[in-house]
Amino acid sequence: MAVVRTTERRFDHKAIDAKWQRCWLDDGSHRVKDDDPRPKWYELTMYPYPSGDLHIGHWYAMSPSDAHARFRRMQGYNVLHPMGFDAFGLNAENAAIQRGIHPYRWTTDNMENMRRQLRSMGAIYDWEREVVTCAPEYYKWNQWFFLQFYKNGLAYRAYAPVNWCPSCQTVLANEQVIDGLCERCSTTVTHRDLNQWFFKITDYAEELLDYSKIDWPEKINRMQTNWIGRSEGVEVEFDISEYGLDEQSITTFTTRIDTVYGVTFVVLAPEHPLVEKLTMPERRAEVEAYVEQARAQTEIERLSTDKDKTGVFTGAYCVNNLNDERVPIFVGDYVLLTYGTGIVMGVPAHDERDFVFAQKYSLPIQVVVAPPDWDGEPLEEAFVGVGTQVNSAQFDDISSVDGLQRIADHIERNGWGRRKVQYRVRDWLISRQRYWGTPIPIIYCDECGVVAVPEDELPVLLPEDAEFRPTGESPLALNDAFVNAVCPECGGSARRETDTMDTFVDSSWYFLRFTDARYEAGAFNPEKLAHWGAVDQYTGGAEHAVMHLLYARFFVKALRDLGILDFDEPFDRLYNQGVILGADHEKMSKSRGNVIAPDEYVDTFGADVVRCFLMFLGPWDQGGSWSDSGINGMARWMNRVWDVATRDARQLDDFPRDDDAVRRMQRLMHKTIRRVGEDLERYKFNTALAGLMEYTNGLNQRWEAKGVHSQHWAEAISSLLTLMSPIAPHISEELWERTGHQGSVHANAWPQWDEALAADEVFTLVVQVNGRVRDKMEAPVSIDEEGAKTAALESRRVAPHIEGKSVARVIYVPGKLVNVVAR
RNA sequence: GCCGAAGUGGCGGAAUGGUAGACGCGGCGGUCUCAAAAACCGUUGGGAGUUAAUCCCGUGUCGGUUCGACUCCGACCUUCGGCACCA
Numbered sequence: 001m002a003v004v005r006t007t008e009r010r011f012d013h014k015a016i017d018a019k020w021q022r023c024w025l026d027d028g029s030h031r032v033k034d035d036d037p038r039p040k041w042y043e044l045t046m047y048p049y050p051s052g053d054l055h056i057g058h059w060y061a062m063s064p065s066d067a068h069a070r071f072r073r074m075q076g077y078n079v080l081h082p083m084g085f086d087a088f089g090l091n092a093e094n095a096a097i098q099r100g101i102h103p104y105r106w107t108t109d110n111m112e113n114m115r116r117q118l119r120s121m122g123a124i125y126d127w128e129r130e131v132v133t134c135a136p137e138y139y140k141w142n143q144w145f146f147l148q149f150y151k152n153g154l155a156y157r158a159y160a161p162v163n164w165c166p167s168c169q170t171v172l173a174n175e176q177v178i179d180g181l182c183e184r185c186s187t188t189v190t191h192r193d194l195n196q197w198f199f200k201i202t203d204y205a206e207e208l209l210d211y212s213k214i215d216w217p218e219k220i221n222r223m224q225t226n227w228i229g230r231s232e233g234v235e236v237e238f239d240i241s242e243y244g245l246d247e248q249s250i251t252t253f254t255t256r257i258d259t260v261y262g263v264t265f266v267v268l269a270p271e272h273p274l275v276e277k278l279t280m281p282e283r284r285a286e287v288e289a290y291v292e293q294a295r296a297q298t299e300i301e302r303l304s305t306d307k308d309k310t311g312v313f314t315g316a317y318c319v320n321n322l323n324d325e326r327v328p329i330f331v332g333d334y335v336l337l338t339y340g341t342g343i344v345m346g347v348p349a350h351d352e353r354d355f356v357f358a359q360k361y362s363l364p365i366q367v368v369v370a371p372p373d374w375d376g377e378p379l380e381e382a383f384v385g386v387g388t389q390v391n392s393a394q395f396d397d398i399s400s401v402d403g404l405q406r407i408a409d410h411i412e413r414n415g416w417g418r419r420k421v422q423y424r425v426r427d428w429l430i431s432r433q434r435y436w437g438t439p440i441p442i443i444y445c446d447e448c449g450v451v452a453v454p455e456d457e458l459p460v461l462l463p464e465d466a467e468f469r470p471t472g473e474s475p476l477a478l479n480d481a482f483v484n485a486v487c488p489e490c491g492g493s494a495r496r497e498t499d500t501m502d503t504f505v506d507s508s509w510y511f512l513r514f515t516d517a518r519y520e521a522g523a524f525n526p527e528k529l530a531h532w533g534a535v536d537q538y539t540g541g542a543e544h545a546v547m548h549l550l551y552a553r554f555f556v557k558a559l560r561d562l563g564i565l566d567f568d569e570p571f572d573r574l575y576n577q578g579v580i581l582g583a584d585h586e587k588m589s590k591s592r593g594n595v596i597a598p599d600e601y602v603d604t605f606g607a608d609v610v611r612c613f614l615m616f617l618g619p620w621d622q623g624g625s626w627s628d629s630g631i632n633g634m635a636r637w638m639n640r641v642w643d644v645a646t647r648d649a650r651q652l653d654d655f656p657r658d659d660d661a662v663r664r665m666q667r668l669m670h671k672t673i674r675r676v677g678e679d680l681e682r683y684k685f686n687t688a689l690a691g692l693m694e695y696t697n698g699l700n701q702r703w704e705a706k707g708v709h710s711q712h713w714a715e716a717i718s719s720l721l722t723l724m725s726p727i728a729p730h731i732s733e734e735l736w737e738r739t740g741h742q743g744s745v746h747a748n749a750w751p752q753w754d755e756a757l758a759a760d761e762v763f764t765l766v767v768q769v770n771g772r773v774r775d776k777m778e779a780p781v782s783i784d785e786e787g788a789k790t791a792a793l794e795s796r797r798v799a800p801h802i803e804g805k806s807v808a809r810v811i812y813v814p815g816k817l818v819n820v821v822a823r
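With the numbering used here applied, the first sequence corresponds to residues 1 to 823, in that order.
By construction, these hints were calculated from the structure, which means they are not laboratory data. For glycine and all other residues, C-beta sits at the position ideal for the given N, C-alpha and C. Keep in mind that the hints are not guaranteed to be accurate.
Straight-line Cα separation of at most 27 Å, BS3-like style, residue types lysine-lysine; simulated pairs [said to hold, decoys possible]:
no., residue 1, residue 2
1, LYS816, LYS776
2, LYS684, LYS671
3, LYS33, LYS140
4, LYS213, LYS40
5, LYS557, LYS140
6, LYS200, LYS213
7, LYS151, LYS200
Derived Cβ-Cβ restraints for the label pairs, each shown as a range [claimed, not checked]:
no., residue 1, residue 2, range
8, ARG406, ASP373, 17 to 25 Å
9, CYS448, GLU586, 50 to 58 Å
10, MET280, ILE101, 52 to 60 Å
11, ASP324, ASP397, 19 to 27 Å
12, GLU207, MET280, 41 to 49 Å
13, ASP643, THR187, 53 to 61 Å
14, LYS805, PRO372, 50 to 58 Å
Please build the complete structure, drawing on both the sequences and the hints.
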């Protein structure tokens, strides 16, 4: 640790942390009772991967949410604030492989260490409710949910081109491909064609766009909206009957049906099944070579927008039903099989990509939406704006905005196509060719086909003795004891599905499990879930916006529709904390050597200092950089609190009582109660701490000046300890005991503030001339407008600034200022 | 390219139309000490002025609204985050 000069502690923080953590464990004060009569409050922090040590980032995420949960508890709620481990998945598995340890061993050891570290934070986690997703008692219910989805058409198996990470040796969901790289290991993602299991999240695309029932950061809602990518358009058919195929036409999707008279070519995605049928014999060699080359490309190469638009002519043509024009059919890799119909109509005049493509292959560019002031000359670039329809038969001379609707009507009437809403989001690919996950409960039988594992045979256990290193095929496929199964339907020999589930399946419902983590008759206890319901307050990083947070919403909606639970959204309120950076303002990483290990700081300063320091860095949603020198300041404050609280208050009684001093101290106290409560309510931990520091400083000054007696002092100190108890639970508990109180400071109700006692008697009246401050004077709060204006105009500091001018107006803001407008 | 957020002292930040810089770090001066550390006290945006009174400048840039703008509006610059051949 790089602390040069460390503030000396006034007290033995190690002994105090240990004493109270032991005490709270023994007296069960963090055990949550389901039958508590107080209103419930379910406050959840995203559970960690057991990837090794508890990072300072975990502290940054967890200690403020613990403070908020404690605050809620003091406000009279029965608070559920649980913790667990997201124990399956690539993170733990890759780390285990690297070290040559079995993932089970690695994960178990890590969890043990992290439980110890989590306890050192002093959070109110009820460990009896701990959820560990790699336990068969947990993942059994992943399998059960899978079967419910499968039986209701929400889980299906399909042969499809999928994202493949060559390093992790597994497929990935779209959400896990970031800029063409693997979300976990940043390896360039490639393609494979595989039979995989999907969850039908697209069925919920429309409902997932509705955020009216949740109070989430606008940013996250926007990210989900972008990800879902809704667009309204038209599926329009082009005639290919001249080739005598089964298909009489090919269908394209467009959002710009107003440009349909400008189609001069049509492009198929290279993977499209019709490519084979529509390629003319003389073009076959060239087309096949192109398709082969397109498939070999990585996600990055394929999706690069800067890349040249390439394609190859199939030799075939199709007919635009609207104008009977025969246009060539191309294959081009800028068309994606997975969006729309995998075929696009090429309108070079009004689409930038089509324009580039048409230029490259010398295809005609037919203007059908005239730009304003268009001179009839060929376009220099695609015109994508709103204009006037031209060369569009009976639709000429109307606005393209109207053209959009009227041409769509025309197409629907003639049966050439239909309006269609398209979504960019694709179904959630949940298969993984990896060992460390939940086995998919499916059996393949030569006689009966795909057979679901009967529910009473769950869980399908993950064999511990399997080879776990990834080979590209699921490691479970090499384990004969696992693979060989009996078909539940015909009793014949069959093979098990050997892929495991994406870890995000686990985290899509773990919050349901906390309501009764040991329940055996189901994924959750319906009575307990009815009591606790959805999570009231969820906190976690924004990096999960289109992964975990989207999947969990889908899961809850699907379970609702299957009659398994009865609410619409998993997390009513969401707060995204920021990212904690290293001292160099860079993201912490082992390679940079800027990783902060919280244990050392907890050892040196105690849990409360680390908690408070992280909360004091700045607004919680903005993150911040760790600073060694800053933490000394927090330790100093704790020392001052210790000093101020442990003084012998009877000394004060030797001095005369000053009623004004008593009132001033009470005023500060009530103002602080108001301020700290409001700040904690809004997650403004930094300003709550500033308020507590000011209060401490004020009390110190009061002690020096005397005038208050021991009973006033005791009241002020207990309010200080109560107000700081959610954020600094150990020291406040210790001082609560030392100041002679019975019971726990954490059992206190959140203090009420008294408006009358918090009210000022005097205020600083600011006097401005033309908006510039020229004087400040103390005025009673009872001063009236006339009095304030008179005082301002009579100020000797104001006089020189209005000399020789006439006073045009005098503005009075009660309790604040007077502004003299002089011309 | 599109969408979004943010730019305030040496540093983290506070103030959401009304005293810019709360609170803290760091710095400077002092007390204590043989000395240092720690602790405590004072001071600390920049400039002019005798260290005073006082004045000027100052919240990314340029404009606007207003008696008054860090705050509202318009344009721009920079940084960060997200999305990106989605037809």
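Which of the numbered hints above does this structure break? No hint contradicted; all consistent.
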